[in-house]
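Colleague: As they're listed, the protein sequences go chains A and B. With the first letter of the first sequence counted as 1, position 110 gets the number 110 in UniProt numbering; the numbers rise by one all the way through. With the first letter of the second sequence counted as 1, position 212 gets the number 212 in UniProt numbering; the numbers rise by one all the way through.
Certain hints may be false.
Any copy will do: because identical chains look the same in the list, a pair fits if it lies in one copy or spans two.
Using 20 Å as the maximum straight-line C-alpha spacing, the simulated SDA-like pairs for lysine to any residue come out as follows [claimed, not checked]: (1) Lys99 x Pro83; (2) Lys228 x Arg323; (3) Lys113 x Asn291; (4) Lys228 x Arg330; (5) Lys135 x Glu302; (6) Lys228 x Asp342; (7) Lys228 x Asp170; (8) Lys228 x Leu353; (9) Lys99 x Glu166; (10) Lys228 x Leu348; (11) Lys228 x Gly172; (12) Lys289 x Asp342; (13) Lys99 x Thr295; (14) Lys99 x Val17; (15) Lys113 x Thr22; (16) Lys113 x Thr19.
No lab work stands behind these hints: they were computed from the structure. Values in this document were obtained by computation on a predicted structure and should not be read as measured data.
2 protein chains.
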Amino acid sequence: MENGQSEAALRYEALTVDTLATRLGDVHEVASRVGGEPASWEIREVGDGNLNLVFIVTGTAGSVVVKQALPYVRMVGESWPLPLYRAHFEYYALVRQAKRAPNIAPEVFYFDKPQALFVMEYLYPHTILRRKLIKGERVAHLGETIGQFCARTAFRGSELSLPSPEKKQDVGLFSGNVAIPAITESLVFTDPYYGAEMNHHTPELSPVVDELRRNVRLKAKVQRLLMKFTANTETMLHGDLHSGSIMATDTDVRVIDPEFSQYGPMAFDLGMAVANFLMAYFSQPAHRKDNVLATYQAWILEVIEACFTSFDAEFRYLWQTERTGILFPRALFEEQGNSADDACDALLDEIRLDALAYCGIEMHRRVLSLAHNADFEEIEDTALRARLEARNVLMGQALIMNPDAAREVPALIELAQAYNRQDVL
Amino acid sequence: MENGQSEAALRYEALTVDTLATRLGDVHEVASRVGGEPASWEIREVGDGNLNLVFIVTGTAGSVVVKQALPYVRMVGESWPLPLYRAHFEYYALVRQAKRAPNIAPEVFYFDKPQALFVMEYLYPHTILRRKLIKGERVAHLGETIGQFCARTAFRGSELSLPSPEKKQDVGLFSGNVAIPAITESLVFTDPYYGAEMNHHTPELSPVVDELRRNVRLKAKVQRLLMKFTANTETMLHGDLHSGSIMATDTDVRVIDPEFSQYGPMAFDLGMAVANFLMAYFSQPAHRKDNVLATYQAWILEVIEACFTSFDAEFRYLWQTERTGILFPRALFEEQGNSADDACDALLDEIRLDALAYCGIEMHRRVLSLAHNADFEEIEDTALRARLEARNVLMGQALIMNPDAAREVPALIELAQAYNRQDVL
Ligand SMILES: Nc1ncnc2c1ncn2[C@@H]1O[C@H](COP(=O)(O)OP(=O)(O)O)[C@@H](O)[C@H]1O
Ligand SMILES: Nc1ncnc2c1ncn2[C@@H]1O[C@H](COP(=O)(O)OP(=O)(O)O)[C@@H](O)[C@H]1O
Ligand SMILES: [Mg+2]
Ligand SMILES: [Mg+2]
Numbered sequence: 001m002e003n004g005q006s007e008a009a010l011r012y013e014a015l016t017v018d019t020l021a022t023r024l025g026d027v028h029e030v031a032s033r034v035g036g037e038p039a040s041w042e043i044r045e046v047g048d049g050n051l052n053l054v055f056i057v058t059g060t061a062g063s064v065v066v067k068q069a070l071p072y073v074r075m076v077g078e079s080w081p082l083p084l085y086r087a088h089f090e091y092y093a094l095v096r097q098a099k100r101a102p103n104i105a106p107e108v109f110y111f112d113k114p115q116a117l118f119v120m121e122y123l124y125p126h127t128i129l130r131r132k133l134i135k136g137e138r139v140a141h142l143g144e145t146i147g148q149f150c151a152r153t154a155f156r157g158s159e160l161s162l163p164s165p166e167k168k169q170d171v172g173l174f175s176g177n178v179a180i181p182a183i184t185e186s187l188v189f190t191d192p193y194y195g196a197e198m199n200h201h202t203p204e205l206s207p208v209v210d211e212l213r214r215n216v217r218l219k220a221k222v223q224r225l226l227m228k229f230t231a232n233t234e235t236m237l238h239g240d241l242h243s244g245s246i247m248a249t250d251t252d253v254r255v256i257d258p259e260f261s262q263y264g265p266m267a268f269d270l271g272m273a274v275a276n277f278l279m280a281y282f283s284q285p286a287h288r289k290d291n292v293l294a295t296y297q298a299w300i301l302e303v304i305e306a307c308f309t310s311f312d313a314e315f316r317y318l319w320q321t322e323r324t325g326i327l328f329p330r331a332l333f334e335e336q337g338n339s340a341d342d343a344c345d346a347l348l349d350e351i352r353l354d355a356l357a358y359c360g361i362e363m364h365r366r367v368l369s370l371a372h373n374a375d376f377e378e379i380e381d382t383a384l385r386a387r388l389e390a391r392n393v394l395m396g397q398a399l400i401m402n403p404d405a406a407r408e409v410p411a412l413i414e415l416a417q418a419y420n421r422q423d424v425l
Numbered sequence: 001m002e003n004g005q006s007e008a009a010l011r012y013e014a015l016t017v018d019t020l021a022t023r024l025g026d027v028h029e030v031a032s033r034v035g036g037e038p039a040s041w042e043i044r045e046v047g048d049g050n051l052n053l054v055f056i057v058t059g060t061a062g063s064v065v066v067k068q069a070l071p072y073v074r075m076v077g078e079s080w081p082l083p084l085y086r087a088h089f090e091y092y093a094l095v096r097q098a099k100r101a102p103n104i105a106p107e108v109f110y111f112d113k114p115q116a117l118f119v120m121e122y123l124y125p126h127t128i129l130r131r132k133l134i135k136g137e138r139v140a141h142l143g144e145t146i147g148q149f150c151a152r153t154a155f156r157g158s159e160l161s162l163p164s165p166e167k168k169q170d171v172g173l174f175s176g177n178v179a180i181p182a183i184t185e186s187l188v189f190t191d192p193y194y195g196a197e198m199n200h201h202t203p204e205l206s207p208v209v210d211e212l213r214r215n216v217r218l219k220a221k222v223q224r225l226l227m228k229f230t231a232n233t234e235t236m237l238h239g240d241l242h243s244g245s246i247m248a249t250d251t252d253v254r255v256i257d258p259e260f261s262q263y264g265p266m267a268f269d270l271g272m273a274v275a276n277f278l279m280a281y282f283s284q285p286a287h288r289k290d291n292v293l294a295t296y297q298a299w300i301l302e303v304i305e306a307c308f309t310s311f312d313a314e315f316r317y318l319w320q321t322e323r324t325g326i327l328f329p330r331a332l333f334e335e336q337g338n339s340a341d342d343a344c345d346a347l348l349d350e351i352r353l354d355a356l357a358y359c360g361i362e363m364h365r366r367v368l369s370l371a372h373n374a375d376f377e378e379i380e381d382t383a384l385r386a387r388l389e390a391r392n393v394l395m396g397q398a399l400i401m402n403p404d405a406a407r408e409v410p411a412l413i414e415l416a417q418a419y420n421r422q423d424v425l
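Isolated chain A (complex conformation) (with noise of 0.2 Å):
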């Protein structure tokens, strides 16, 4: 069994701030860490997410942090079920994260499978990255972190890096997750270019939306680019890599909650975490002005700049000294007295188109579908945030037609600049 728990502990049971001392108390892996006794332990719930249950909890000794998937969508109710096991696919992702880019995602300590939840290293005084870009925080190595984030784990995800058959393993493994992909498939992909139920978006906003959803060749695109998405196994991505799960100090940089983990194109993490960067971007000038905004907001683009330079550098050192598995194989190349450089750059120019393709979905999703940001949703003049919202999404507009004209960094941060410029509301 599991966990040598009993019988009664396999049958789930969400946890509440009363019971999970009581539930938790005995575990070696928890108590050892929290310290004193468990009747003491100071136990909040912090879930300011959609889907789960998170709680904090302070003893003696320090903090851990517990989260449990519900059997439902957490910010939506019981009338949108949705499977425990997405947390044993959170913690699976966990784990491989700490492999292939040690210290970034939080150290997990306990995994309860039948409970589907895990126990975890509390991040602490970090705070959720996209708060911090609202409020007009600076954070240090923000890009390089994240570019770098991405290539470690699109490069040791794959078979450049895996023996195939553990990596074929993998894709089996997680193809058992079918209800995450689902959402990000539907939410992301198709229900922002039309009206589809869940879909809000600001009033102000509808003359942009409906000619964005007229656009035949940007539909087909994007659909081009969920079936490399939903079929293509390159590597194990985060899967949701917004700025709400980014967790940050002034100078160190986490990543949280790969719960939308799955095998995916290695340009798909990339793209969502620059997306983020430009609607934070985009968002700015409804919440600070004049002199304060123009250097933030060219901070912010110094930020999506690092992102994609040391993404580069990074795939390509890896590229160099890591390449152990059936892709591009040394014998080929080096050991025929060949170089594989051009092909690594060549590899890199397709992940880097795909990116910024993905990064124009992601950029339409948040202002068109279900799930909102609060870079946008906390303006409350809706005029103002319609007109915002209008330059982010043609920008991703741009991208998704065009990911050519931007596939050099200056001329993807000049675009961003005119776009910022440019109103058509």
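Based on these hints, arrange chain B with the ligands on the given structure of chain A.
Modeller: Here is chain B with the ligands on its own, set in the frame of chain A:
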């Protein structure tokens, strides 16, 4: 227990002509179709393949074919072990093909999982297509049937058609088949491009081979296609659709032996089939001459044309009538008054380009890697053989390096004709 068998029967044992009747005589699905006393059955082992045991079993009522995996590669011996479970995947593939492209694969009557065997329809008077092509025999509707088969299996095995949970579960199932894709990955995609241990080629071809193996850009392109092959689970492939996996009469075309089935890119089977037609084409000058040669070669080119044309026509038809999956949903197109035809054409264009490149790779591996084709291999004059193989190798290279130039079928045909006239040896 699978098939209600006793413990003893679960222990795998290879069939022989002497034990088959005893071991399968009381299996109703077999006995009822063969007819008569098992002891009087006529049993012939006909496995001309590289891997498995194949028996034709004949009685008073008819014949069936029994195929059983061996725990090693037949043509090499016990020194190259290969898991028995591959027979399970061949069976799973046959069942799926029967649904997705009816009446092309042999019907399966019985499956014994622990014995890694299944019993199927005896195709008669069909013979292996490769032999017909070497003999100069025509088969009506050959290209149409193969193109249609590829389109139906490609479309109906993808998320254009299948419900996503079903498709993802199937990807999970097939991810268990690790040993077989590994063979394709090395023998088809990698070994041809360097001096791998098991390779062999016609001695006189060496100058062409050496130059090919110095083409770094070619190797990079092939590895990029390998990356798509290993990671892109678009649809369930036959996986080994060469002319030795096609059986035909003058008017009927059937496809056997999907032992290399896996989820992979839609373009793969189409490309491999066409490659085998092109190799038949290039080898013809060794098998017949003058007018007969010219008209038979012209017929093979018609087969290739029909193959591409019917693939596209069938795929378009299914796109219109069976697009029920999550990809390119009608909700985004037809239901918005938008045609999805352009999206279909764009996808077909991508499939065409990839098919041409996979075609080129198959043309290479069949003269450079371990498993060669009788079309060339039976040419005893090695100087002539090398001359014809050179045409084939160079056209393959052109298709990989620049598939775009052969994207329209007439251009492809002209390219073949040009290489058929051009000698470097
Ligand atoms: N390891 C952690 N350390 C500190 N806070 C955390 C940790 N994990 C989660 N949190 C807090 O809990 C919130 C919800 O967690 P998250 O994993 O995003 O849940 P969900 O899957 O429901 O979105 C986060 O936004 C963050 O504030
Ligand atoms: N259903 C069938 N009907 C008639 N002959 C068959 C059938 N299946 C296989 N054969 C014969 O047996 C040979 C080997 O079968 P095949 O499935 O190709 O085995 P392998 O997997 O070892 O390559 C074929 O080339 C063909 O001659
Ligand atoms: Mg979250
Ligand atoms: Mg065979």
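Colleague: Compare the structure with each hint and give your call.
Modeller: Comparing the hints with the structure gives:
1. In this assembly of identical chains, Lys99 and Pro83 lie within 20 Å of each other by CA distance neither inside one copy nor across copies; the values are 27 Å within and 30 Å between.
2. In this assembly of identical chains, the alpha carbons of Lys228 and Arg323 lie at most 20 Å apart only when taken from different copies (17 Å versus 23 Å within one copy).
3. Within a single copy, Lys113 and Asn291 get their C-alpha atoms no closer than 52 Å, and across copies no closer than 73 Å, so neither meets the 20 Å cut-off.
4. Taking the closest pair of Cα atoms, Lys228 and Arg330 come within 20 Å of each other only across two copies (19 Å); inside a single copy the shortest separation is 27 Å, beyond that limit.
5. Within a single copy, Lys135 and Glu302 get their C-alpha atoms as close as 17 Å, which meets the 20 Å cut-off; across copies the closest is 68 Å, which misses it.
6. In the homo-oligomer, the alpha carbons of Lys228 and Asp342 lie at most 20 Å apart only across protomers (18 Å), although the nearest pairing inside one protomer, at 24 Å, exceeds that limit.
7. Taking the shortest alpha-carbon separations for Lys228 and Asp170, both the intra-copy value of 18 Å and the inter-copy value of 17 Å come in at or below 20 Å.
8. Taking the shortest Cα distances, Lys228 and Leu353 sit within 20 Å of each other both inside one copy (13 Å) and across copies (16 Å).
9. In this assembly of identical chains, Lys99 and Glu166 lie within 20 Å of each other by CA distance solely inside one copy; the values are 14 Å within and 31 Å between copies.
10. In this homomeric assembly, Lys228 and Leu348 come within 20 Å of each other (Cα to Cα) both inside a single copy, at 16 Å, and across copies, at 15 Å.
11. Taking identical chains as interchangeable, the C-alpha atoms of Lys228 and Gly172 lie at most 20 Å apart whether they share a chain (17 Å) or sit on different chains (17 Å).
12. Taking the shortest Cα distances, Lys289 and Asp342 never come within 20 Å of each other, neither inside one copy (44 Å) nor across copies (45 Å).
13. In this assembly of identical chains, Lys99 and Thr295 lie within 20 Å of each other by CA distance neither inside one copy nor across copies; the values are 37 Å within and 62 Å between.
14. Proximity of Lys99 to Val17 under the C-alpha cut-off of 20 Å is found in neither arrangement, the shortest distances being 32 Å within a copy and 53 Å between copies.
15. Proximity of Lys113 to Thr22 under the C-alpha cut-off of 20 Å is restricted to the intra-copy arrangement: shortest distance 18 Å within a copy versus 48 Å between copies.
16. Taking the shortest alpha-carbon separations for Lys113 and Thr19, only the intra-copy value of 18 Å comes in at or below 20 Å, while the best inter-copy value is 48 Å.
Taken one by one, the earlier hints fail for this structure at numbers 1, 3, 12, 13, 14, listed in ascending order.
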